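Enquirer: Sequences are here, hints too, so could you generate the full structure?
Just so you know, the protein sequences line up as chains F and Y, in that order. All residue numbers for the first sequence refer to numbering that gives the first Met the number 0, where the first residue is 0 and numbers rise by one. All residue numbers for the second sequence refer to numbering that gives the first Met the number 0, where the first residue is 0 and numbers rise by one.
Pairs of lysine-lysine residues, derived as DSS-like cross-links and limited to a Cα-Cα distance of at most 25 Å, are as follows:
(1) Lys276/F to Lys197/Y
(2) Lys281/F to Lys243/Y
(3) Lys151/F to Lys120/F
(4) Lys126/Y to Lys170/Y
(5) Lys120/F to Lys145/F
(6) Lys199/Y to Lys281/F
(7) Lys196/Y to Lys276/F
(8) Lys197/Y to Lys281/F
(9) Lys199/Y to Lys276/F
(10) Lys71/F to Lys92/F
(11) Lys92/F to Lys133/F
(12) Lys276/F to Lys172/Y
(13) Lys126/Y to Lys85/Y
(14) Lys196/Y to Lys170/Y
(15) Lys145/F to Lys133/F
(16) Lys145/F to Lys101/F
(17) Lys125/Y to Lys170/Y
(18) Lys67/F to Lys101/F
(19) Lys9/F to Lys71/F
(20) Lys120/F to Lys209/F
(21) Lys67/F to Lys92/F
(22) Lys243/Y to Lys276/F
(23) Lys196/Y to Lys281/F
(24) Lys17/Y to Lys118/F
(25) Lys335/F to Lys249/F
These are calculated hints, taken from the structure and not from any lab test. Bear in mind that the values here come from a model prediction, so they are computed numbers and not experimental data.
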Amino acid sequence: MTTQQDIILKVENLQKHFQPHQSFTQALAGQKKQRLIRAVDGISFSISRGEIFGLIGESGSGKTTTGKLIMKLLEPTGGSIWFDGHDVTHLGKEENRKYRTKVQMIFQDPYASMNPRFKIKDVLEEPLLIHNIKANHEKRQEMIIKALEEVKLNPPEEFMTRWPHMLSGGQRQRVATARTLILNPSLLVADEPVSMIDLSTRAEILHMMKDVQRDLGLTYLYITHDLSTARYFTDRIAVMYLGKIVEMGKAGDIIDRPLHPYTRALIEAVPEPESGKVHVIKELPISGEIPSPANIPAGCRFHTRCPYATKECSELPEPELQDAGDGHLHACRRWKEI
Amino acid sequence: MESLLQVDHLKMYYHTSKGAVRAIDDISFNLYPGETIGLVGESGCGKTSLGTSLLRMPTPPGRYEGGRVLINGTDILPMTEKDVRKNVRWEQIAMVFQGAMNCLTPVYTIGRQMMETLQEHRPMEKKEAEDLIKEYLNHVGLPAEVMNRYPHELSGGMKQRVVIATALFLKPKLVILDEPTTALDVIVQAQIINLLKKLKQQFELSFIFITHDLALEAEVSDRICVMYAGKIVELGTNEHIYGKQGPAHPYTEKLLLATPRLHQEVENLQYIPGTPPDLINPPKGCRFNPRCHRVMDICKEEEPPLVEIESGHYAACWHCKGAK
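Expert: Next up, the structure:
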């Protein structure tokens, strides 16, 4: 087990509930307030320094909301977030700014996340100006060159004067990564950094991100719906379903020996590049689509789609995460039988 | 067997102010009834351009520069636009465009937009049309009440089902599917793939399945056609490409190595350095030579022909036997 000191980010019982707006006519008609949308519904995990932690789930599982809560783009409605031993759950404006030099985000779409009228050097200089890094022009140029070298955009001087439209998708995502690295952060939140990118470029970006992580000793929170990249990229995985973590453990353990039926379904659904499957209709051990987070089923929240669900699953209170040995946590009552 | 679709030395260039972009450069293949052909390659290799070219609707400024597209033995390129509309497009070939599910009109109900498509081609009584719409919604696994819903009330998977149902209305024999599952989650993707397989049997359809995801292609396509820079570099059966022996072309080989595997521990994923070439001035010789790890002198000088290296397996590489 890791010691307390090694933990860079700790999330405890984190919650984010959204109150949907009531329209004027609804208020006049005296309708009841709409149900809360429980996007993140009490999750706890911790990430050690130098670790790549994957957060996996379908759309609507609350993984992106979790990322935003950690980035402090949203205010949590419950629970706490601890970074480097400090409580960062609620921060003032100045503290927030300081926090964001240490925690940075890589966005999904490298085409939309860059100002097309900025040259690459301007793209990279902006965070330095925003965060009032006290450095003269030459010093800033040096920092920009260093950041570009870290993401292997060589020669850096040549890339500095280019415009974003002159770069390929892979190069853009490298620039986006350099932009986060320039502030010397210790935690990077990457929300689906490769889902919009071509296959061969995807491999290139993951490769680069792993290299940078090793070189600089960074910690990543990698948010994705794609289990196959998670296997390659992460050390530990947490699988989310409707705002809760249903399984958590080492990446290899989760994928080779899944305990929760939802994780099993996710794994079954992943296509593999092997021959002889054209005429086979895959049997998916899951039915229907993810319910709305405004209307989470009672009992185990997965029971409506679970092929193994019994009466107990819908009637007894929701199972909590429990250890199956070796740090492999799961929240399924019937894990031994299935 | 009589082929359903025969593409014969097709060329389609985009005429821009900088010169002609050779998006489809001398492509030939056959598609047999009941077969699924997969088109794979990186973005910009001409997959979607080929799809729209087969429907006789290349995106402007694209123009045909030669070749033939035969559907059931009839060349559609010399036909008049009116003729194509009446007899070919959506009647014999339909296409599910990339991101089509996001192009449903937000202000019309699903029923009304489906009705519009149907009435355009098959004027009929409203009641009759409604019954037909309900029948097709049922085929794609949606309840009839979806007719009265608006697109924002449906999930991504449901919208994609609506789009597929609309494409099947006029009973085409060939459906071109352009990245039909790219924006969807894995579980919904698997459900849609299962649905497509069922529909294919039920309606005796043929598919052209366009995607950049080689792993997904392995699950749906009987034959795989790998494209690079407007050309076919390898064409083979599912077994040829994904079987034990492995693909013949270095590009396919690298693409497969760049695909992450779920049940394998891989230390480092491989990737193809560089970017696809500029198609206004493609590189001399083999178009893949600047990025190839097995490049030889001849690759930089002469373009390799697409040759049959074993029964039904074609590749365009100087390393393959029979190329010289």
